[in-house]
Amino acid sequence: MRDDLDFRGHGLAVSASDVNAWFVREVLPLEAALMHFLRLSRRNKGDAEDLCQDVYVRVYEAAQKEIPHPVKPFVFAVARNLLINRAKRDQIVSIDSMADLDELGIAMDEPTPDRSVMARQELHRLETALEQLPPRCRQVVVLSRIEGLTRTEIASRMGITESTVSAHLTDGMYALADHLYGAPSKPGSDT
Amino acid sequence: MTEHPETESAQKVRTEAAAWLERRQRPEWSAEDQASLDAWLAAAPTNMVSYLRVEAAWTRANRLGALRKPMRDSAAIPQRRNFGRIFTMAAAAVGAAVVIGGAAATYFLIPQQKSYATPVGGHEILALKDGSQIELNTSTVVRVSQNKTERKVWLDKGEAYFRIKHDPAHPFVVMVGGHRVTDLGTTFLVRRDKNSVKVALIEGLAQFDGGNGSGQHATLKPGDVVVASAEKMSLKKETTTDMAEGLGWRHGLLIFKYTTLADAAAEFNRYNDRKLVIADPAVGRMKIVGTFATNNVAAFADVAEDILHLKVTHSEDQIVIAR
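Residue numbers (our numbering), protein chains in the order written: chain A, 581 to 771; chain B, 22 to 344.
One chain only, chain B, in its complex shape:
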């Protein structure tokens, strides 16, 4: 190893590197500025390693973004106060890549007895005549029927967020996988997966009746989450924060908190035709924290590659993540 001249102090060169990085963030950064930076980097390895270090840290701070409380309010959709905060935080973290759901969703009035569907990646809000709303997530099918005595919706597939105007004379009923949810003045979420149904109660009260004559039933209060299959039913409590995160899709967001890559990939795959494939079970068990636009699979792949150092292979219809 050749003897090096004494390098200038680490503190000095690291401060210079940070100053370069700061200048580089400015909108007015020009080609000449870039040339000056390149020259500075090439002048000594100590410059280069300092710059790499500060830039890598700054990039990380962005990528694992959902760090801090918001400093401004997101105006996309009028929020219930307790949910507003986390969405604002998440939306701020994702930045420019996100199209906030409210702007993209369409509103229309619906007549009696009709079927509605969203494609993969779709998001629609159905406004019922009585003032109730049904917000459909990706790849979802519902049938709606209204008559003199009853309002009824079948969730044939997917996930929907119900905000129901309570009317004792016309109970609102959601039928899902043979189970029945009866509104008693309520905001709630219903999700239908292959073998199970999930109902999360956000506000008000609802009655859940298990299907297939099981006789299982429960009165749901805010924070209650029922997961039911054909055979069994379980009831648990979720915090407001957890619930809000589960509703991130209403704003075009997927919010992961120590979520396994396998689960995160499955979530993305609900929203996108280009499917994520986790090629290694050990990789599937790794956990992540972060907020992504539902349609931004590429950002997720970047995180897998840059932060988790996984091997990411892109092809036309899928993205394979492996060790």
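Okay, chain A solo, but in the shape it has when bound:
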């Protein structure tokens, strides 16, 4: 399945830290579109998150050998191949139900959105994410990330144990990442 797209020969040889930086910079911002594609393409909507994670693993492993370029068609080709393999394995006869990238409006050649717009969307997403956290969790996140308090300080200020602080922080980090990368982008919400 992999031979229908050839992304070789355009990449650059890179170090591990370059791969990491590239992954954060180029791949993570595609998550909202990728999740949208995966959700529409699977009968079992619940495992879109797992599929996304599998796509990341494959893309990351490929990048360790050679950074794929351009990145967006590569990521979606990986996703598509993964879906096809799953469909075969699960003996699902028709793969026509797979969402069409064009219909989804995921244009492969569209330039990355204006970076100032992206930065603004990021801020909105983080704000939304913060607002949606449960109150105690939100308070811990604000004290830690924005006010720079340590776990011990937060615990004594809020009158909770340090391990509760840790649990809230872990939840908060998880939710922030989901919102920042996974939440569907809302056109026009950036004004």
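Any given hint could be a false lead.
[To be verified] Footprint (simulated), chain A over chain B, 3 or more residues, beta carbon under 8 Å: (1) 36-50; (2) 69-80.
[To be verified] Every beta carbon over 12 Å from chain A, so not counted as near; a handful from chain B, in silico: (3) S30; (4) K33; (5) N168; (6) D327.
Calculated directly from the structure, the hints in this document are not laboratory data. Ideal placement from N, C-alpha and C gives every residue a C-beta, glycine not left out.
Given chain A's structure and the hints, the job is docking chain B onto it.
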């Protein structure tokens, strides 16, 4: 592509990654802890990508920091209530990198007829005998004269924040670029740029008289902002929040809200000898939101590089930002 064993659930590994990140924030994080984390990351790419993802989001949450309302009060300088809030928020967002202005500024009493200047990056508070204060921003020159009938200040260069004790018998006058601002019991800001003068009235009342015999004048009320050049004058209203942001320098802060990179760089360059150069006009039009210490050009360059993905080149006397 090799067939992968079924990876463990995304939710599980992402929770583990967040837990690692949480532990890593603790002050007691040790070299052994780091070695354990490294081993966990190396054990499977699914660990690595999960960690990169949660860490990147957490970093972003810090960088675009001025997000939330404060939970404690900043004690640096006694604030007027309405301005206190935004400064606290901004100060909290910047964190440890900031030296709050009040602590760094120096106070001294001044005699009659004298000239005062601050260097690039400087910040001074002049305390006048009558109880009035003049707070000088970076690279600013003022001359002060007091006599029996009048208190007079010339703003020859830069920017100053005036908090004037009103005294009908001794009007307080600021001369700036040929224009005259007469205090009628007031707190106000005067900024002199190359070709224009800006006066923002924060409290009280003041009279603005345009220079060069133009005959233009206005009585300024709180929220009024006058921008005047040699030829023309315009008057607009600013919200309390906008005004407070314009006064961020009093606390050593630059507050940007959808500010173009070109304007932001120009602001930084007022405070620093190491100049920011925006090498591409399209880059200069990009907009940012954020709060920075006036002297922390490096943080700004980091944002340009990490968040806006621009090319940043450091040299001894300048930082060039390009596409």
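Right, here's what the structure says about each hint:
no., hint, verdict
1, 36-50, "holds (count 9)"
2, 69-80, "holds (count 9)"
3, S30, "violated, 6 Å"
4, K33, "violated, 10 Å"
5, N168, "holds, 49 Å"
6, D327, "violated, 9 Å"
Violated hints, in rising order: 3, 4, 6; the structure is consistent with all others.
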